[in-house]
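Trainee: Order-wise, the sequence lines are chains A and B. Note that my numbering has the first sequence beginning at 28, numbered continuously upward. Note that my numbering has the second sequence beginning at 22, numbered continuously upward.
Do not take every clue at face value.
Below 20 Å or equal to it, Euclidean Cα-Cα: the simulated EDC-like pairs (lysine to aspartate or glutamate) are [to be verified]: (1) K94/A to D71/A; (2) K94/A to D233/B; (3) K116/A to D59/A; (4) K69/A to D59/A; (5) K302/B to E153/B; (6) K116/A to E153/B.
Rather than coming from a laboratory, the hints here were simulated on the basis of the structure.
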Amino acid sequence: MSVILDIFTLLAVVTGGFFFLAGTVGLLRFPDTLSRLHALTKADNLGLGLVVLGLLPQTGSFMLGLKLIIVWVLVLFASATASQLIACKVRAGLSK
Amino acid sequence: MNGALNIALAALILGLAVWSVIAREILAAIIGFVAYGLLLTLVWVQLQGIDVALTEAAIGGGLTGILLFGAAARLRDSATAPDAEPAPARVRWLAASVSAAVSAGLIICVFSLPDPAPTLAPAVAANIAVTEVGNPITAVLLAFRAMDTLLEAIVLVFALIGVWSLAADTVWGGRPGQRPVGDPNGMLTYAARILPPLGLMIGAYIFWVGADYPGGKFQGATLLAAMWLLILLAGLSDAPRIDRPALRIGLVLGPLAFIAIGLAGMLTAGSVLAYPDGFAKPLIVTIELALLPSLTLVLGLLLLGTPERSDEQ
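Chain A extracted, bound-state conformation (with noise of 0.2 Å):
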């Protein structure tokens, strides 16, 4: 059982390495600021939920996974808030 958690938790925290990876070169390579914010978005939200979501079988404690999904809650509220600024922003300047 535990062989099968960890296999779970390697897969799922290198899949969400992947999708970090994916999103950084997005924001180096995307041509405007909205597909970026869409990329970084990415890699906030499947990046860190699938690390997150790696890491829940081996914290052993109710509470500290919990904990865990609190700061993915947090993180995709935070970033969710700021690419809205952000996009706000470059659209008042695109219609001037």
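Since the structure of chain A is provided, determine the placement of chain B on it from the hints.
Mentor: Structure of chain B alone, referenced to chain A:
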């Protein structure tokens, strides 16, 4: 594996430090500096200094960044922008060589430290149980080195007085910062309505676990101050007038309680800042509890800056 990771981390930090110094754009330099602070947090984690890591993340990565952004915005507005007239080459060379000399001196000092380094750690470890505080960092900061912590708390109030004293006479006692113009349907307002309850809870939690686990008043106060600033930034509330008596009492409450308990130690335990037997933990928690609101106010007000408008305007 860990060694390679550490070397990569160190190289990245050095690179970011150089980038922050040589970046032409002031905003880019600040963003580099914030990232530098966050990476430094990882270094503290690697060194097992979780308390320091929390502080570095909150202050170095968070509040300092906002402070620098505010300073940059002010510089851009004022006529004497620094990039209007770059410093002459000899000044820059002088600055670079002084920095290099200081770095070289520090490196020489680090390498000539006696091995093993002189340490009080065994003595502290032998006596730490007396404080009944589970987190050794909190025990050291508030029992064995209480004087440092007390002076730290006072110096922050002095810094705030320094910032306030830059105000023009006409607006003395007024509110710091510009009048907030919030968009009631904007994303920031939404965040400022949703986040603070959660932030308050996490700030209080980090403060409370500080007795037994990494955390404490400084890290908790930074989070609380951040929530307050978020509400002000969104325009949901206005900054307080700095001549409000309640505000000023709140600012000095923590240091005063600390001093009072410290002086009381002279009577009850025989020396200043000593705690009587069996009362160490309740007194330490009391001091931390009194410092929490004061630190929150000081950190928030430091970021808000000098008073800029009186209510008549």
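Trainee: Now look at each hint and say whether the structure bears it out.
Mentor: Each hint, compared with the structure:
no.: 1; hint: K94/A to D71/A; in the structure: 17 Å, holds
no.: 2; hint: K94/A to D233/B; in the structure: 18 Å, holds
no.: 3; hint: K116/A to D59/A; in the structure: 13 Å, holds
no.: 4; hint: K69/A to D59/A; in the structure: 16 Å, holds
no.: 5; hint: K302/B to E153/B; in the structure: 6 Å, holds
no.: 6; hint: K116/A to E153/B; in the structure: 52 Å, violated
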